[in-house]
Amino acid sequence: MKVRELIEMVDETLANLKIAIVSNQTRVMESPYTSYEFTQRAIELQEDLNDLIKTREVLAKLDPEGEVEDHFSREELEEFLKLLELLRKANAHAY
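Taking the working numbering, the leading residue of the sequence shown gets 57, the next gets one more, and so forth.
These are computed hints drawn from the structure, not numbers from a lab.
Accuracy of the hints is not assured; some may be wrong.
[Stated by the list, open to error] Listed next, with one range per pair, are the computed distances between beta-carbon atoms:
no. : residue 1 : residue 2 : range
1   : D126      : Q81       : 14 to 24 Å
2   : G122      : Y89       : 44 to 54 Å
3   : E125      : T82       : 39 to 49 Å
Every residue gets a Cβ at the ideal spot worked out from N, C-alpha and C, and that includes glycine.
Using the sequences and the accompanying hints, generate a full structural model.
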């Protein structure tokens, strides 16, 4: 896998996380019974977003046409791809 392809996946995940954060923040005022849950979820998503932004910065320093496997072990890459997949498919903004 090329570094450029991984950066594109990270960018897509970043966009989904930003949408989810905004959605959770807007739902805070819906009900006093659920405001804590939405606030907590928005904070958790913001932490994930910050971590992912740092990761993207590291990836941006690499050659976009280089192979990711040259910089990360196979196990690290597999775990990271699973994490990206979970974050992209979470649809935290849908409920």
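Distance restraint evaluation - E125, T82, Cβ atoms, bounds 39 to 49 Å: holds (41 Å)
Satisfaction of the hinted span 14 to 24 Å by the C-beta atoms belonging to D126 and Q81: Given range 14 to 24 Å: violated, Cβ gap about 39 Å.
Satisfaction of the hinted span 44 to 54 Å by the C-beta atoms belonging to G122 and Y89: holds (50 Å)
Figure legend: structure checked against the earlier numbered hints; the only hint not met is number 1.
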